Amino acid sequence: THTHVQTADEKLLPGGTAYITDVGFCGAHDSVIGREKSSIVERFKTLMPVKMHLATGGVQVDGVVIDVDEATGKATAIERIQRPR
733 THTHVQTADE KLLPGGTAYI TDVGFCGAHD SVIGREKSSI VERFKTLMPV
783 KMHLATGGVQ VDGVVIDVDE ATGKATAIER IQRPR
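All the letters of the sequence shown, read from the start, carry residue numbers 733 to 817 under the working numbering.
Hint data in this document are derived by calculation from the structure and do not stem from the laboratory. Remember, it's a predicted structure, so these values are computed and weren't measured experimentally. Ideal placement from N, C-alpha and C gives every residue a C-beta, glycine not left out. Heads up, some of the hints might be wrong.
[Claimed, not checked] Below, computed lysine to aspartate or glutamate pairings styled on DMTMM-like, alpha-carbon distance capped at 20 Å: (1) Lys783 x Asp799; (2) Lys743 x Asp801; (3) Lys743 x Glu811; (4) Lys743 x Asp794; (5) Lys743 x Asp754; (6) Lys806 x Asp762; (7) Lys806 x Asp741; (8) Lys783 x Asp801; (9) Lys769 x Glu811.
[Claimed, not checked] FRET-style restraints, in silico, Cβ to Cβ: (10) Pro746 x Val797: 16 to 26 Å; (11) Asp799 x Ile765: 46 to 56 Å; (12) Tyr751 x Thr788: 31 to 41 Å; (13) Ile813 x Thr788: 15 to 25 Å; (14) Met780 x Thr749: 40 to 50 Å; (15) Arg812 x Gly747: 16 to 26 Å; (16) Val796 x Phe776: 23 to 33 Å.
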């Protein structure tokens, strides 16, 4: 996982590779890259280092489910998931 917005460009490439540019984010939904929003805003406004605390609250989990042919090892399907959406 990463700290960005999940892209909607999932596809199967020739040769059986599943592809997505950015799988998305896992962490507190009401946050800025998983940190308390107030810390990020303070850093932006002052241009000074600020201790960034982890945000709490509702959780967001983004990812993909990939079906793989066991005989060939090639991807046969890719599906984006976003919870709790």
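Hints and how they fare:
Between Lys783 and Asp799, the direct Cα distance comes to roughly 41 Å. Violation of the 20 Å bound is thereby established for this hinted pair. Distance restraint check for Lys743 and Asp801: the Cα-Cα separation of roughly 16 Å lies within the 20 Å cut-off, and the hinted pair is therefore satisfied. Restraint check: the Cα-Cα separation between Lys743 and Glu811 comes to about 9 Å, which is no more than 20 Å; the hinted pair holds. A distance of roughly 16 Å separates the Cα atoms of Lys743 and Asp794; the hinted pair therefore holds under the 20 Å criterion.
Restraint check: the Cα-Cα separation between Lys743 and Asp754 comes to about 12 Å, which is no more than 20 Å; the hinted pair holds. Of the supplied pair hints, the one linking Lys806 and Asp762 is violated, its CA atoms being roughly 37 Å apart against a limit of 20 Å. For a cut-off of 20 Å, the pair hint linking Lys806 to Asp741 stands: about 19 Å separates their Cα positions. Restraint check for Lys783 and Asp801: the C-alpha separation of about 46 Å exceeds 20 Å, so the hint is violated.
Straight-line distance between C-alpha atoms of Lys769 and Glu811 comes to about 30 Å, which puts the hinted pair past the 20 Å bound. Distance hint for Pro746 and Val797: a CB-CB separation of about 21 Å, consistent with the stated range 16 to 26 Å. Distance hint for Asp799 and Ile765: a CB-CB separation of about 30 Å, inconsistent with the stated range 46 to 56 Å. In this structure, Tyr751 and Thr788 meet the distance hint of 31 to 41 Å, their C-beta atoms being roughly 34 Å apart.
Against the hinted window of 15 to 25 Å, the Cβ-Cβ separation of Ile813 and Thr788 comes to about 23 Å, which satisfies the hint. At roughly 44 Å, the beta-carbon separation of Met780 and Thr749 lies within the given 40 to 50 Å, and the hint holds. Between Arg812 and Gly747 the beta carbon distance is about 21 Å. The supplied range of 16 to 26 Å therefore holds. The beta-carbon spacing between Val796 and Phe776, approximately 32 Å, falls within the hinted interval of 23 to 33 Å.
The structure fails to meet hints 1, 6, 8, 9, 11 from the earlier list, while all remaining hints are met.
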